[in-house]
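Could you put the whole structure together from the sequences, leaning on the hints where they help?
One letter stands for each residue in the lines below.
Protein chains: 2
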Amino acid sequence: MELLKQRIIRDGIAIGKDTIKVDGFLNHQIDVALLEEIGKEFAERFKGCEINKILTVESSGIAVAVTSAKYFGYPPVVFAKKTAPNTMVEGCYEEEARSFTKGTVSVIRVSEKYIHPGDKVLILDDFLAHGEASLAMTKLIRKAGAEVAGIGIVIEKGFQIGSSKLRSKGFKVESLAIIEKIEDGKIIFADDENADADRDSE
Amino acid sequence: MELLKQRIIRDGIAIGKDTIKVDGFLNHQIDVALLEEIGKEFAERFKGCEINKILTVESSGIAVAVTSAKYFGYPPVVFAKKTAPNTMVEGCYEEEARSFTKGTVSVIRVSEKYIHPGDKVLILDDFLAHGEASLAMTKLIRKAGAEVAGIGIVIEKGFQIGSSKLRSKGFKVESLAIIEKIEDGKIIFADDENADADRDSE
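The listed protein sequences correspond, in order, to chains A and B. Using our numbering, read the first sequence as starting at 1 and increasing by one per residue. Using our numbering, read the second sequence as starting at 203 and increasing by one per residue.
It should be emphasised that the hints constitute simulated quantities derived from the structure, not laboratory data. The hints are all genuine.
Calculated pairs, DSS-like style, for lysine-lysine (alpha carbon to alpha carbon, straight line, at most 25 Å): (1) B/Lys315 x A/Lys17; (2) A/Lys82 x B/Lys223; (3) B/Lys284 x A/Lys21; (4) B/Lys304 x A/Lys113; (5) A/Lys21 x B/Lys315; (6) A/Lys40 x B/Lys272; (7) B/Lys223 x A/Lys113; (8) B/Lys304 x A/Lys102; (9) A/Lys102 x B/Lys315; (10) B/Lys242 x A/Lys70; (11) A/Lys82 x B/Lys304; (12) A/Lys40 x B/Lys242.
In structure tokens:
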């Protein structure tokens, strides 16, 4: 998605070889107009999948999921929780998800009330790196007897294993920007001819 | 806001005398179409306030803020973070916020890059009870040299002190549904004539 790649190049900050900060438009400050374009693109890529529910995980997935919902005809958006609040007393599905960025393992939970057998659930998230969060969400969906309709990702770190891990399990994964590598502070996209041309000319 | 009150009556679950669960449409499963109506209502109530930024706090404020943004002309939405991720290395404004629901004190943070002197910032959140989260956000905004344009709340617990605490400091607070009390599992709104009539007839 060209608009997104341009924005990553303009405002993304590469740190070392494997970290990209996009908190200027995606996961701290949010550009809602850009997210609407992202939502339209997801709807295009998952057309015909008969999605009737969107699942994400707090916190930074929420903006992506909520903004995308209208382009899917306003299905309910459910976000998995990382903490068990006092008011979440009923039964819920639980899965562990490791965060390699933060070096933590968290339990993510969804109330049994909000995913049902027969649901066709689209997973949306802001980042895909090692794929642990997405994988945990696929397990939650299957525990509920529902179907994983697909996994939509805003930014995929193509140099980490998340995408191949998920695809090897048969899931349809659509990433709107795939970063092939970070080199000398420069972000190189996997399928970006211009980026390759830039590299050749340096 | 009548549509919201009806939804709270239909899907809200009263627990004891002071807890209302609305995770069927607001803070676990999200009804985006309802949130769009909420966003329109906020835009109406804060018309003329020249808002150029929206601030909320993760997680459940994000959906409200993001869905409201388009009715304010797409200002940037910033969400204060409750954890300090590895990738948030620059300077940030910090404030403590106590959660009476969870019995915890958390530090909320906003990067200095995303609130500036001269900004007119609207605070949006899903709940107002003791007002600690909103109050912490007003302090973050003022630390940045910016102006608090107002505070928009989806559901206010009118029987707790948050609203009067914030109003006594001169802030414009707009709550779309104000719960006066919870009585025998029934939710009574502060300015709802029908609810009063119902009570009279019981």
